[in-house]
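A.B. asks: If you read the sequences in order, they're chains A and B. Just so it is clear: in the first sequence, position 61 is 61 by our numbering, and no numbers are missing. Just so it is clear: in the second sequence, position 84 is 84 by our numbering, and no numbers are missing.
Hints are supplied without guarantee of correctness; some may be wrong.
Taking lysine-lysine and the BS3-like style, the derived pairs with C-alpha atoms no more than 27 Å apart in a straight line are [said to hold, decoys possible]:
| # | chain 1 | residue 1 | chain 2 | residue 2 |
| --- | --- | --- | --- | --- |
| 1 | B | LYS68 | B | LYS57 |
| 2 | B | LYS68 | A | LYS11 |
| 3 | B | LYS63 | B | LYS79 |
| 4 | A | LYS17 | B | LYS42 |
| 5 | A | LYS57 | A | LYS15 |
| 6 | B | LYS68 | B | LYS79 |
| 7 | B | LYS59 | B | LYS69 |
| 8 | B | LYS42 | A | LYS15 |
| 9 | A | LYS57 | B | LYS42 |
| 10 | B | LYS63 | B | LYS42 |
| 11 | B | LYS69 | B | LYS57 |
| 12 | B | LYS68 | B | LYS42 |
Partial chain A-side listing against chain B, Cβ under 7 Å, derived [stated by the list, open to error]:
| # | residue |
| --- | --- |
| 13 | ASP24 |
| 14 | GLY28 |
| 15 | GLY42 |
| 16 | GLY51 |
| 17 | PHE65 |
| 18 | TYR105 |
| 19 | GLU106 |
| 20 | PHE109 |
| 21 | GLY112 |
FYI, nobody ran anything at the bench for these hints, they're computed from the structure. These numbers come from a predicted model, not from an experiment. In this text, a Cβ means the ideal position worked out from N, Cα and C, and glycines have one as well.
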Amino acid sequence: GAGVSQSPSNKVTEKGKDVELRCDPISGHTALYWYRQRLGQGLEFLIYFQGNSAPDKSGLPSDRFSAERTGESVSTLTIQRTQQEDSAVYLCASSPSTPGLASSYEQYFGPGTRLTVT
Amino acid sequence: EDQVTQSPEALRLQEGESSSLNCSYTVSGLRGLFWYRQDPGKGPEFLFTLYSAGEEKEKERLKATLTKKESFLHITAPKPEDSATYLCAVQGANTGNQFYFGTGTSLTVIP
Chain A
1 GAGVSQSPSN KVTEKGKDVE LRCDPISGHT ALYWYRQRLG QGLEFLIYFQ
51 GNSAPDKSGL PSDRFSAERT GESVSTLTIQ RTQQEDSAVY LCASSPSTPG
101 LASSYEQYFG PGTRLTVT
Chain B
1 EDQVTQSPEA LRLQEGESSS LNCSYTVSGL RGLFWYRQDP GKGPEFLFTL
51 YSAGEEKEKE RLKATLTKKE SFLHITAPKP EDSATYLCAV QGANTGNQFY
101 FGTGTSLTVI P
């Protein structure tokens, strides 16, 4: 079946511009995560969506970052007034997250969006 | 604070030379420890989930084990196609929805 898809695969933007990144999760997966991966560093949690519950935004690094998700489908991560330190690969993952199912916390990642801020 | 440390940072093996990767963790109430494989330019690919000390899981040439403080990913008779970065992540009972990832071990298997 189709995996997690992300678009665009690469994005180059000028400092100060806004960017929008898109994630299409696996159909039926209720949980969706956004991560940031800087070169040579581990994945950094940004935000988590679970069904229609309020998102967990505790990982967002500043108020320039925001994300939305419509139901259990597409999610968009928006970065306003981009800075050079925002340059990274942004990864999206989805998970079945079915209570009582042993495999429910396994995350399936998309290929990522490489963001370069010049 | 929950933490994950992976070692070594990089490992070069001859084809067929078995070895182990280490993931040390500190977490309040382990909910799960996860291993992923990441190829250059791609997102991480799920390999294993371990839930409790003493648990082991195998897949082809890979075997993951778990103790109360660390996990090992054993690679038996590796092949060049096993070359990738291997990531470890933990989820704690008190960390809500957050998964903490290590920085990974970059494995190169030389033919």
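A.B. asks: Now, for every hint given, state plainly whether the structure supports it.
C.D. replies: Results of checking the hints against the structure:
Under the criterion of a C-alpha separation no larger than 27 Å, the hint pairing LYS68(B) with LYS57(B) is consistent with the structure, at around 16 Å. The suggested pairing of LYS68(B) with LYS11(A) is violated, with an alpha-carbon distance near 42 Å, which exceeds 27 Å. In summary, the hint linking LYS63(B) to LYS79(B) is supported, as the alpha carbons are separated by about 15 Å, within the 27 Å threshold. Of the pairs offered as hints, the one joining LYS17(A) and LYS42(B) holds, with about 26 Å between alpha carbons and a cut-off of 27 Å not exceeded.
As the CA atoms of LYS57(A) and LYS15(A) are separated by approximately 24 Å, the hinted pair is consistent with the 27 Å bound. Annotation: proposed proximity of LYS68(B) to LYS79(B) is violated, straight-line Cα distance about 30 Å (limit 27 Å). The suggested pairing of LYS59(B) with LYS69(B) holds, with an alpha-carbon distance near 22 Å, which does not exceed 27 Å. The hinted pair formed by LYS42(B) and LYS15(A) meets the criterion: a straight-line CA distance of about 26 Å does not exceed 27 Å.
Restraint check for LYS57(A) and LYS42(B): satisfied, since their Cα atoms lie roughly 25 Å apart, inside the 27 Å limit. This hinted pair checks out: LYS63(B) and LYS42(B) have alpha carbons roughly 23 Å apart, not beyond 27 Å. As the CA atoms of LYS69(B) and LYS57(B) are separated by approximately 17 Å, the hinted pair is consistent with the 27 Å bound. Distance check on the hinted pair: LYS68(B) and LYS42(B) sit about 31 Å apart at the alpha-carbon level, beyond 27 Å; violated.
Checking ASP24(A) against chain B by beta carbon gives a least distance of about 13 Å; that is not within 7 Å, so the hint is violated. Given the 7 Å rule on beta carbons, the hint for GLY28(A) is violated: about 16 Å separates it from the nearest Cβ of chain B. The beta carbon of GLY42(A) is positioned within 7 Å of a beta carbon in chain B (closest approach about 4 Å), and the interface hint is therefore held. Look at GLY51(A): its Cβ only gets to about 12 Å from chain B, farther than 7 Å, so that hint breaks.
Violation of the interface hint for PHE65(A) is found here, the shortest Cβ-Cβ separation to chain B being roughly 16 Å, above the 7 Å cut-off. Nearest Cβ of chain B to the Cβ of TYR105(A): about 5 Å, under the 7 Å cut. The hint holds. Checking GLU106(A) against chain B by beta carbon gives a least distance of about 5 Å; that is within 7 Å, so the hint holds. The interface hint given for PHE109(A) is met, as the beta carbon of that residue sits about 3 Å from the closest beta carbon of chain B, less than 7 Å.
Hint status for GLY112(A): holds, given a least beta-carbon distance of 5 Å to chain B, under 7 Å.
The structure fails hints 2, 6, 12, 13, 14, 16 and 17 (numbered hints given earlier, in ascending order).
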